[in-house]
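> Those protein sequence lines, which keep their order, are chains A and B.
Numbering-wise, the numbering used here puts 203 at position 203 of the first sequence, and it's gapless, one number per residue.
If you want the numbering used here, it's the position in the second sequence, counting the first as 1, plus 1000.
Misleading hints may appear alongside valid ones.
Stated by the list, open to error - The list that follows gives simulated cross-link-like pairs (lysine-lysine, PhoX-like), each with its CA atoms no further than 25 Å apart:
1. Lys403/A with Lys121/A
2. Lys92/A with Lys1360/B
3. Lys1360/B with Lys228/A
Claimed, not checked - Quick look at which bits of chain A chain B covers, simulated, 3 or more residues with Cβ under 8 Å:
4. 136-142
5. 188-196
What the hints assert, rightly or not - A short list of chain B residues far from chain A (calculated; beta carbon distances all over 12 Å):
6. Leu1300
7. Glu1350
8. Thr1391
Think of the hints as simulated: they come from the structure by calculation, not from any bench.
We treat Cβ as the ideally placed atom computed from N, Cα and C, and that holds for glycine.
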Amino acid sequence: MSRPGLLDGVRVVDLSMGWAGPLAARHLADMGADVIKVEGCVRFDWWRGWEATQEWINEGGAEKSSAFNMVNRNKRDVTLDLSTERGSELLKGLVAISDVVVENYSSAVLTKLGLHYEVLKEANPEIIMISMPAFGTDGPWQGYRAYGSTVEQASGLPHLSGNADDPPTMVHVALGDAVGGITGGAALMTALRNRHRTGRGQYLDLSQSQGLFPVGIQGILTQSATGKPPARLGNRSARFAPRGVYPCVGDDEWIAIEVRSETEWRALKDFADLPDLGPVEERLRRVDEVDLAVAAFTRGQVAEVLMFELQALGIRAGHVASGLELASDPHLSARSFWKLMEREYVGELPHPAAPYRQGDEPFDIDRPAPTLGEHNREVLSQLLQLTDAEIDDLEAEGIIGNKPRLE
Amino acid sequence: MSVAAEAAADAAAETAAEPDAALVGIKVLDVAGTIATGYCGKLFADHGADVINVEPPGGFETRREPPFVPRVDAPENSALHAYLNTSKSSVVLDAEANPRELKELARGAQVVLDDGSFEVADFADLAPDVVVSTITWFGRTGPYAEFQGAGAVCWALAGLVRNVGPAEGPPIIAAGCGAEIVGGLTAYIGTLGQVVAREMGNASGPARLDTSILEANLCFTEVGGVGGYRSGHRGRRLGINRFAPTYPLGVYACADGWLGVTALTPSQWKSFCTLLDMEEYADVPQYQTAIGRLYDYDVLEPVIKEQVKDRSSWELVRRGQDMRIPLAPVPTMEELFVTDQYVARDAFGEVATATGQTFKAPSTPFRLFKTPGASGGRAARLGEMNAELLT
Chain A
1 MSRPGLLDGV RVVDLSMGWA GPLAARHLAD MGADVIKVEG CVRFDWWRGW EATQEWINEG
61 GAEKSSAFNM VNRNKRDVTL DLSTERGSEL LKGLVAISDV VVENYSSAVL TKLGLHYEVL
121 KEANPEIIMI SMPAFGTDGP WQGYRAYGST VEQASGLPHL SGNADDPPTM VHVALGDAVG
181 GITGGAALMT ALRNRHRTGR GQYLDLSQSQ GLFPVGIQGI LTQSATGKPP ARLGNRSARF
241 APRGVYPCVG DDEWIAIEVR SETEWRALKD FADLPDLGPV EERLRRVDEV DLAVAAFTRG
301 QVAEVLMFEL QALGIRAGHV ASGLELASDP HLSARSFWKL MEREYVGELP HPAAPYRQGD
361 EPFDIDRPAP TLGEHNREVL SQLLQLTDAE IDDLEAEGII GNKPRLE
Chain B
1001 MSVAAEAAAD AAAETAAEPD AALVGIKVLD VAGTIATGYC GKLFADHGAD VINVEPPGGF
1061 ETRREPPFVP RVDAPENSAL HAYLNTSKSS VVLDAEANPR ELKELARGAQ VVLDDGSFEV
1121 ADFADLAPDV VVSTITWFGR TGPYAEFQGA GAVCWALAGL VRNVGPAEGP PIIAAGCGAE
1181 IVGGLTAYIG TLGQVVAREM GNASGPARLD TSILEANLCF TEVGGVGGYR SGHRGRRLGI
1241 NRFAPTYPLG VYACADGWLG VTALTPSQWK SFCTLLDMEE YADVPQYQTA IGRLYDYDVL
1301 EPVIKEQVKD RSSWELVRRG QDMRIPLAPV PTMEELFVTD QYVARDAFGE VATATGQTFK
1361 APSTPFRLFK TPGASGGRAA RLGEMNAELL T
């Protein structure tokens, strides 16, 4: 088995770091594109580590990040010191034989390096290049620094979730990144289609914070279509009751339940022996009682068992999983969602499947994330026809390498 | 011709030619009408594909999804439905009772968006390269395949609920239909990938592509899954706006609104302390790592709250960003539409219901500069294209 060849013949230079850009490129890699990740020994992907010390480098710290290893599988890796003329020339050489460039530096970084779109377009007039900064490449915030958390904050989404009395509530350590990544994947695929049809490349940008607007779409449209801000209801719903997260047996065990119809309510009421709390209009009025009654029942139940029991009755229920449980989730396991692969420095790591598949099995994954500069020799000799001696010189000059260096 | 004249002529030719939208020539049928297929189809439609909604007699379920536009009658009053369905056609057809008409509608289609109700053979006769893109909550196999889905259930199972909300619980489910949107967006990548592969000659023939909304949403938490696998620990919910390993991170009340804070690296922490006049904390050895600061949350949090509460969030953002600290305002829904960055980027376009009532809605978050996508427009009335498209 190997990954599908859907994008056979498409080559991607992935200059991006962190989460969003690499995830965008991962979608192309999973479908068969040749994705070459370009880092530097000094400017290595900060997701390898953002608190580098010499001790950390000596211990191979740069190769041990789960986060890095997760979003960079199926890619090759070269190191090029882009602040040197030679490194910059080699990058242009790669761009000349590629279809796509992905970058998510803070704005102005590539311009300072002399490697922005106008320059790379000279190396390859039909290149597709995407920049995916937090807020887009123009506007007053174009230079703003941001993480995925900043993006979630600036999107306004924290005003939609949580209880009315609590501060605006974030839902993730870096919500913007994951959505930015898939939005970037969507943008790139759109541009690839246009390029294949017309032969024309182009520049793309995306704003990661705007990428979150569709995720909060009902809240945004509530404001714009009705003129009123959406209510923050915690786990409750304006339409359904019961709807919430209820305690179960054990330490910090919970189940999410959403009852959408009277049929489902009757099924739950009978199964759990709940009091008659009337039709949905009445249950919404008496929602405190409803939640207390449901919680009194769930407290004696095992979350995962109860989920299967309620689902068998047609009731929407899901236990509140932790990361640990994801790795052993019976459904994901039955679908071969995680693929265990041996990765240098860390041993066996589970790799998540692409979320779309043909047939019962997921797309296969060819290889785990590359080590720093793992494919220097392979890429430079095969794609740029450098001789062994030239590659040795690059190594000696520190333009390429396999170990991070402190600045 | 001089170089300059050549460049000018090139530019003129490019603007005069008005290139087609990126997805022109692609025909898409939506036979499901869920939020997920609706959003997937929207991305196709916004970029020039011909998207036909094949609605059952009562209309797609998205027509009954809130919010609703005041003073508009059902089934044209859902703002969410209008947002999802601008630039698409609508026909009404009881598809299961009229398989021949359905096949005819699908003639030459590259994509059918489905929720698992149809088979590839239902379309392939007249659409030999069709990709039936099936978007379901849990995929078509596995122990949850027959589960009833909902955003709450999906995000609970995806691990996206457990770490949100007060430490003592209950954990909080994020509001809205984001799970379905993420499913539709992810399916768009895979589906368009199949179309591109066929056009490039890397694939051929009819096929089904299955997207699991749950698996699409694991993009948020897959790192946690691997972390759990490696550590064997479940981790604990730390409280509202507290997420390991980053601190400070959160939403803080200022005099004029809310401030979003993240300070991850040692230099960001030092600058943050300078900005907020709390320099005595800048060089404490334990505070040189994000996780070290998180351990001292109880010490640092009251100080930060106190230092920001009487200041202007917008001023702190401006000054903080000058010092390279990732700070941002946290605009309310009302403020969102007038936030300078979003105004400058035309982040919101105008959507109209079939009856012509308009409201603002997000534009596509990505821009293709040569072949830009549409932003906004009017949604089709239920069955508006019946006469044109049904024979």
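> Confirm or reject each hint.
How the hints compare with the structure:
For the given pair, Lys403/A sits about 31 Å from Lys121/A by alpha-carbon distance, which is inconsistent with the 25 Å threshold. At roughly 42 Å between alpha-carbon atoms, Lys92/A and Lys1360/B are farther apart than 25 Å, so this suggested pair is violated. With a C-alpha separation of about 13 Å, the suggested pairing of Lys1360/B with Lys228/A holds against the 25 Å cut-off. Counting residues of the region 136-142 of chain A whose C-beta lies closer than 8 Å to any C-beta of chain B gives 5; at least three are required, and the coverage claim holds.
Beta-carbon proximity to chain B at under 8 Å applies to 7 residues in the region 188-196 of chain A; the threshold of 3 is reached and the given coverage holds. The Cβ of Leu1300/B sits about 16 Å from the closest Cβ of chain A, beyond the 12 Å cut-off, so the non-interface label holds. With a cut of 12 Å on Cβ distances, Glu1350/B falls inside the contact zone with chain A, its closest approach being about 10 Å. Consistency note on Thr1391/B: stated as away from chain A, and its beta-carbon is indeed over 12 Å from all of that chain's, at 29 Å minimum.
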